[in-house]
Amino acid sequence: MDNLNRVASLNEATSLSIAYNSDIILSSEDKLEVLEALQQSLELKELMRNFAAQASRFVKFIGIRFQSEQGFFTADFRKSSDYIENFAIHDRKHEQLGHMSYRCEKPLDDRALSLLEELHRLLLLPLQHCLRMSELKAISLKDHLTGIGNRAYYEESITRLIEHSSRANQGLALILLDLNDFKLVNDNLGHQVGDSALTAFARVLTKAVRHSDMAFRLGGDEFAIILTPTTQDSTKLVEQRLRKMIVADKILTELKLSASIGHVNWHRTMSATELFRKADIALYKDKKRK
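End of the sequence shown sits at 958 in the numbering used here; the numbers just go up one at a time, nothing left out.
Below, a list of computed lysine-lysine pairs in the DSS-like style, where the Cα atoms sit at most 27 Å apart:
| no. | residue 1 | residue 2 |
| --- | --- | --- |
| 1 | K953 | K875 |
| 2 | K953 | K924 |
| 3 | K875 | K851 |
Keep in mind that the hints were calculated from the coordinates and are not lab data.
Throw the hints in and build the complete structure from the sequences for me.
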């Protein structure tokens, strides 16, 4: 199999009913229609939705899932059958792009497997373009020095997470932080030492929070953390943990750097702007106590 390496196994299953026409073969017209559908979007989820719709014309399956480093897509991958067909998708240089899985009522026959092989070949180029776009977007949203999210990613994330918290009725908090007297380190010891301090600080932030939380460098020595889900008490516990870890960090201690921290828990009347303003006020109050 050309650009994919198939691994079949039994597993838990799913549910999704998909229309299936056993008389259809992959003609030139079919290929053209599939390609036209796959060229409509460079957004991963939309591409995979289009692919799932096209694949269901030729192969009977219950659910579909795609996983890669750049993104994840799943459709009706709930438990309901005993069969799963797994494919490792490779490009023409044999580099792995991701994994595709299909949940089925029964094992797929050779004809169905051959059709999926052909469909994956048609998917290959649009998928490569899509994953490259996802990779470039991810790079553009990272701070080049510390590797955590940048201000643009913060702005995108806080709006999205407030909307999600509003719908899901789960807690969200914003923590703002900055390094005290950081300018003195830069001025007296040079930017290289300053960069190592910023990198160490970012490392502390990421270690102090869960996978569901997000850390950002807003610019200079200004950082932010979004906690979700959270409560007033758990936000305070995170702040306490941050203070302990900052004091215990070897690089920050050697440079005699401390941090100011301010946090605010979001409630439904708060916009993203108001949340930031209140967290900034809390940060300023903490800085005045230093």
